[in-house]
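Novice: Using the sequences and the hints, build the whole thing.
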Amino acid sequence: MDVTQDELSIIQQTVRKFITKEVEPLAQQMEEEDKVPRSLLEKAAEIGLFGLSIPQGYDGLGAGMVGKVMIFEELGRGPNCFVSIIGCHNGIGSVGIVMAGNEEQKQRYLPKMATGGLIGAFALTEASAGSDPGNLKTTAVLKGDKYILNGTKQFITNGDVAGLFTVMAVTDKRKGSKGITSFIVERGFKGFTVGKYEKKMGLHGSQTAELIFEDCEVPVENVLGELGQGYVNALKILANGRAGLAARNLGSSQKLMEVSVKYSLQRVQFGKTIFENQIIQHYLANMAIEIEALRSLTYDVARKIDRGEKVIKEAAIVKTFGSEVFGRVADMAVQIHGGMGYMRECEVERFYRDARIARIYEGTSEIQRNIIAAQLKKEFS
Numbered sequence: 001m002d003v004t005q006d007e008l009s010i011i012q013q014t015v016r017k018f019i020t021k022e023v024e025p026l027a028q029q030m031e032e033e034d035k036v037p038r039s040l041l042e043k044a045a046e047i048g049l050f051g052l053s054i055p056q057g058y059d060g061l062g063a064g065m066v067g068k069v070m071i072f073e074e075l076g077r078g079p080n081c082f083v084s085i086i087g088c089h090n091g092i093g094s095v096g097i098v099m100a101g102n103e104e105q106k107q108r109y110l111p112k113m114a115t116g117g118l119i120g121a122f123a124l125t126e127a128s129a130g131s132d133p134g135n136l137k138t139t140a141v142l143k144g145d146k147y148i149l150n151g152t153k154q155f156i157t158n159g160d161v162a163g164l165f166t167v168m169a170v171t172d173k174r175k176g177s178k179g180i181t182s183f184i185v186e187r188g189f190k191g192f193t194v195g196k197y198e199k200k201m202g203l204h205g206s207q208t209a210e211l212i213f214e215d216c217e218v219p220v221e222n223v224l225g226e227l228g229q230g231y232v233n234a235l236k237i238l239a240n241g242r243a244g245l246a247a248r249n250l251g252s253s254q255k256l257m258e259v260s261v262k263y264s265l266q267r268v269q270f271g272k273t274i275f276e277n278q279i280i281q282h283y284l285a286n287m288a289i290e291i292e293a294l295r296s297l298t299y300d301v302a303r304k305i306d307r308g309e310k311v312i313k314e315a316a317i318v319k320t321f322g323s324e325v326f327g328r329v330a331d332m333a334v335q336i337h338g339g340m341g342y343m344r345e346c347e348v349e350r351f352y353r354d355a356r357i358a359r360i361y362e363g364t365s366e367i368q369r370n371i372i373a374a375q376l377k378k379e380f381s
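Numbering (full-length UniProt numbering), first residue to last: 1 to 381.
Among the hints, erroneous ones may be present.
Listed below are the simulated BS3-like cross-link pairs for lysine-lysine, each with C-alpha atoms no more than 27 Å apart in a straight line [to be verified]:
#	residue 1	residue 2
1	Lys-262	Lys-313
2	Lys-178	Lys-313
3	Lys-112	Lys-137
4	Lys-236	Lys-112
5	Lys-106	Lys-310
6	Lys-173	Lys-200
7	Lys-35	Lys-112
8	Lys-199	Lys-146
9	Lys-175	Lys-146
10	Lys-106	Lys-304
11	Lys-137	Lys-199
12	Lys-137	Lys-173
13	Lys-236	Lys-178
14	Lys-146	Lys-236
15	Lys-21	Lys-106
16	Lys-173	Lys-236
17	Lys-200	Lys-143
18	Lys-178	Lys-199
19	Lys-35	Lys-199
20	Lys-310	Lys-178
21	Lys-377	Lys-310
22	Lys-196	Lys-137
23	Lys-304	Lys-262
24	Lys-112	Lys-190
25	Lys-175	Lys-137
26	Lys-304	Lys-236
27	Lys-143	Lys-106
28	Lys-175	Lys-378
29	Lys-143	Lys-173
30	Lys-377	Lys-304
31	Lys-17	Lys-262
32	Lys-175	Lys-310
33	Lys-377	Lys-236
34	Lys-137	Lys-236
If you're looking for bench data, these hints aren't it; they were derived computationally from the structure.
Nothing here was measured: the structure is a model prediction, and the numbers come from that model.
Specialist: See the structure below:
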């Protein structure tokens, strides 16, 4: 039995208080140290934030997509580095095992993931394979009862804290994208190391890392799903997570609008608050219009996912729209705050930098538009 709507509402309220009292006071520290304190992740585990995607039978909350969207929206109101860790774990870091794992794999890994004892990550991107996963260079060769992985992944979210990685590797070069297989790789497997941590424009505190596989030994029982179905798995995993990304962007946009309204009512120029200027009112109105449109779209897609409907096009639409709304709202928020909005001490400056990656990771806006167009071709041909 999954979590009920009433239970979700209570969790949502708990998460909002948690973000306000526990996470936001550490925002500047996380920004400067480029690290989320382990103690904060432990507190997040205590209130169940690592078990959102995991069924109750494996000690998770079984929140469903609507439930995750409700909670991700609240998490998005806080520092994006924190929601990035939680979101990645509950999205692409764990849904692959939930969706495609066999019972032995689920029993072995999901309970630990649900309690935060094992944080998940997703390793697809390489130097030559980001938007083009069919160009993967990481290989997996069967030798006895193990697959031997060789290659390098980059820009892997949760690379510093994850203990479990869903890794895509080529098992048959002759078959192109149909020759890719998914593997569950534990951090301690022989031949697996975490390389350099990348320095980023934003999302300071959420580390992205290089993963190195040098004759990495992965047991055959750690193949995730069917052999050669890795690309299909990746598409399903990414599509499932796109409503969650939109919800995170929704929460951040809502927070930016709120702080912008408050600032405009306090900031006085030429003897009146800047809110009295029509252009500021229009900025705020445009924020509200886009946010409400994003909210409706996000929850609609989430409900369709929970009903088991095919949402390839809709997931791409909501990911694209959500990331672009976040970018536009962040830009208007900086403009409303003027010079103060450009200062590191102002939270809108941090949101502005964090917003830029939303149009890139987990499928660029351009790739999403390709997906949408391809689905339209199928619908009307």
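Novice: Please go over all the hints and tell whether each is borne out by the structure.
Specialist: A quick look at each hint next to the structure:
| no. | hint | in the structure |
| --- | --- | --- |
| 1 | Lys-262 / Lys-313 | 37 Å, violated |
| 2 | Lys-178 / Lys-313 | 22 Å, holds |
| 3 | Lys-112 / Lys-137 | 31 Å, violated |
| 4 | Lys-236 / Lys-112 | 23 Å, holds |
| 5 | Lys-106 / Lys-310 | 24 Å, holds |
| 6 | Lys-173 / Lys-200 | 33 Å, violated |
| 7 | Lys-35 / Lys-112 | 23 Å, holds |
| 8 | Lys-199 / Lys-146 | 34 Å, violated |
| 9 | Lys-175 / Lys-146 | 21 Å, holds |
| 10 | Lys-106 / Lys-304 | 25 Å, holds |
| 11 | Lys-137 / Lys-199 | 24 Å, holds |
| 12 | Lys-137 / Lys-173 | 9 Å, holds |
| 13 | Lys-236 / Lys-178 | 14 Å, holds |
| 14 | Lys-146 / Lys-236 | 26 Å, holds |
| 15 | Lys-21 / Lys-106 | 34 Å, violated |
| 16 | Lys-173 / Lys-236 | 22 Å, holds |
| 17 | Lys-200 / Lys-143 | 38 Å, violated |
| 18 | Lys-178 / Lys-199 | 34 Å, violated |
| 19 | Lys-35 / Lys-199 | 12 Å, holds |
| 20 | Lys-310 / Lys-178 | 21 Å, holds |
| 21 | Lys-377 / Lys-310 | 16 Å, holds |
| 22 | Lys-196 / Lys-137 | 19 Å, holds |
| 23 | Lys-304 / Lys-262 | 35 Å, violated |
| 24 | Lys-112 / Lys-190 | 21 Å, holds |
| 25 | Lys-175 / Lys-137 | 13 Å, holds |
| 26 | Lys-304 / Lys-236 | 14 Å, holds |
| 27 | Lys-143 / Lys-106 | 25 Å, holds |
| 28 | Lys-175 / Lys-378 | 24 Å, holds |
| 29 | Lys-143 / Lys-173 | 17 Å, holds |
| 30 | Lys-377 / Lys-304 | 21 Å, holds |
| 31 | Lys-17 / Lys-262 | 20 Å, holds |
| 32 | Lys-175 / Lys-310 | 26 Å, holds |
| 33 | Lys-377 / Lys-236 | 20 Å, holds |
| 34 | Lys-137 / Lys-236 | 21 Å, holds |
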